[in-house]
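Novice: Chains as they are written, first to last, in my numbering: chain A, 28 to 231; chain B, 94 to 503.
To be clear, the hints were calculated from the coordinates, so they are not data collected in a lab.
The C-beta atom is built at its ideal place from N, Cα and C for all residues, glycine as well.
Straight line, CA to CA, 30 Å or less: simulated DSSO-like cross-link-like pairs of lysine-lysine:
| hint | chain 1 | residue 1 | chain 2 | residue 2 |
| --- | --- | --- | --- | --- |
| 1 | B | K300 | B | K363 |
| 2 | A | K94 | B | K212 |
| 3 | B | K117 | B | K408 |
| 4 | B | K363 | B | K290 |
| 5 | B | K181 | B | K290 |
| 6 | A | K167 | A | K112 |
| 7 | B | K363 | B | K117 |
| 8 | A | K205 | A | K94 |
| 9 | B | K212 | A | K112 |
| 10 | B | K212 | A | K205 |
| 11 | A | K167 | A | K205 |
| 12 | B | K427 | A | K167 |
If you want a taste of the chain B side facing chain A, the calculated C-beta under 10 Å gives, among others:
| hint | residue |
| --- | --- |
| 13 | Y221 |
| 14 | F307 |
| 15 | S347 |
Chain residues, written in single-letter form:
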Amino acid sequence: MENINGWQLYSTLPLIAAVLFIYFSANLAPRLRQPWIFRLSVIYAGLLVVPALISDVHYLYILSANKAEAHEYADNRTLADALEKIPVSGSMIATNDLRYPANGYRRDLEQFQLAAIFGQQNFAADLNYIGDTASMLAYKTRALAVLQAVQTLNPADPSCRATLAHSTTGITHFLIHKGYHQPQQIDLPLIYENSDYAVYLNTL
Amino acid sequence: MSFLKLSVFLVGCFFLGKNLINRKSTPFFNFTSILYFAIGLLASGYLYLVTKYFSAPWWLALSPHLLAGVFSVFKRNLVFTPPGRIAKGPAFILGVCFLLYTLPNIVQGLRMGFGAYPKEFYSVDTPYYLSFVHALLQQNSLPIYSLEDFHFVFDVQLGVCSLAALISALSGLAAHTAFVVVVLFLGMTLYFAFAAKLAHTLAGHLKGYCWLLFLLLLLIGTSHYMFNFFKPASWIDTVLGEEKYVANFPLLTSFYGLLITLAWLLCVLKIEEKDYRITAGILAGLLIVYKIVYAPVVMLGYGSVCLYQYWRTRKPVWLAGPAAALAFSYLSYKMFSPGALAYGGTTRIVFSSLAIFSAKHLFYCRPVFAACRRLCGWRLADTPAGNTDTLSRHFYSHLRRLRPFGGGKH
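Could you put the whole structure together from the sequences, leaning on the hints where they help?
Specialist: This is the structure we're talking about:
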């Protein structure tokens, strides 16, 4: 299995290369009695630094002018209002939407906000970062079935009830993101609702 | 009250680091004090994981800090002499560099970190790792089960999350505040201090403020996307593109990995001094819990430098360092690696595949070898007398001996 994070092994090399570069420029190059080498190395250092400085200042401008365009920005407020109604201890959340809101919901199956905002236990909020061994793929398949069941969430539907019952994980709350594969009608106790989210108690 | 507890903890980190590295009398207003503090801080995250491993109360992680503080008070092993004066010009420019380096991330950190909950997130990995801080605060044994996926263990290094969880537990700060404000700010300040010391050590003798250019190179010129700078065609995208900002909110595990690597590089430059030699070994060992994937390169480098020193001096102490670091790393891996814990250490060795350098990567080293060959062929001037840069002196003298690969006097 090829490890997709294999490139990280080399992440320290730019830093080590930079230190060697400084060492060469400041200590070895002057002794070579070739002034142009030192000047060239200083110019090259400038070429590396100036774009980074421009990028730095440009990003500061974006942060102050329009933070929604900042790097992988996600607004948590409406979601946090809903999550606040679910106790941190002893609860487990299942949701109908596992997309992460940054960059126009580009990332699916990795809803990191749910566990990070208050620290509630989720049934399956992140299915992208799990591995691809046989046991993990079985876990993922089961989690996707529960996701589909929550997207329909019809207590009258036997298959939906069976899927949620077979998950045998003690889901206590359903968090429904309105407008995204939202169940038509949910006959469960509604705990909280705002413009974007609704929280139901699991009594199935 | 939180601030007071946090301050006491940070003082404790200094004492812990100081007594780990050097129990003899040392001056307080010295750069090594920053090194002691960094080691104490990083060791705190490690100790918190040790308490989790033994399912012990978290506050036991602070007992070494207390013991170290008491030891220092009784031994009086700190000397408070007035610090040397810093020239106003470089101090002002250093301040500007610090602001340029930290401001974007501090702004993002403060926006995420203040309030009863994080109102916004920057960088998709921030919430991912924040969930592990919550998990560490809720669970008292290893492996740490994910809060995202029920009864599932992710293969992540928990060093930074552990440090944030410890700060949150002891100071009462919310987990997100400890993680994206306190841990971030401490890391950035230490990174800046190490980069400044490194740039000054290597280039401080140059005319003007040339070393500040090299400092900026270390701070912002070597981001994760440095390789893109070597492709001028991609500069516009690198500078203004959405995914390639230099000032993106950092993935804190990677950032602390780079911090440890930078501190380690500084120690390697001064490795003949005992404090730096010990610190280099501790840092190489700590990488296992902070950023395991950076450990192979650093351990390889540490081993090479120590072997070189042993070859030069024939003192066994140079072999003891890498051996201790390797043993410490292996023990830490067995104790804390989620893969090893969750899967019995047999079915999955998570990062082993990363340690294999493939032939295609060696291909990229060819220009470096060619440059070295060219360099060695040049006529080199004599090393100036009184050069205090020991590494430079040794490297330089060996470079002369090598010329032209096998020639020269031995």
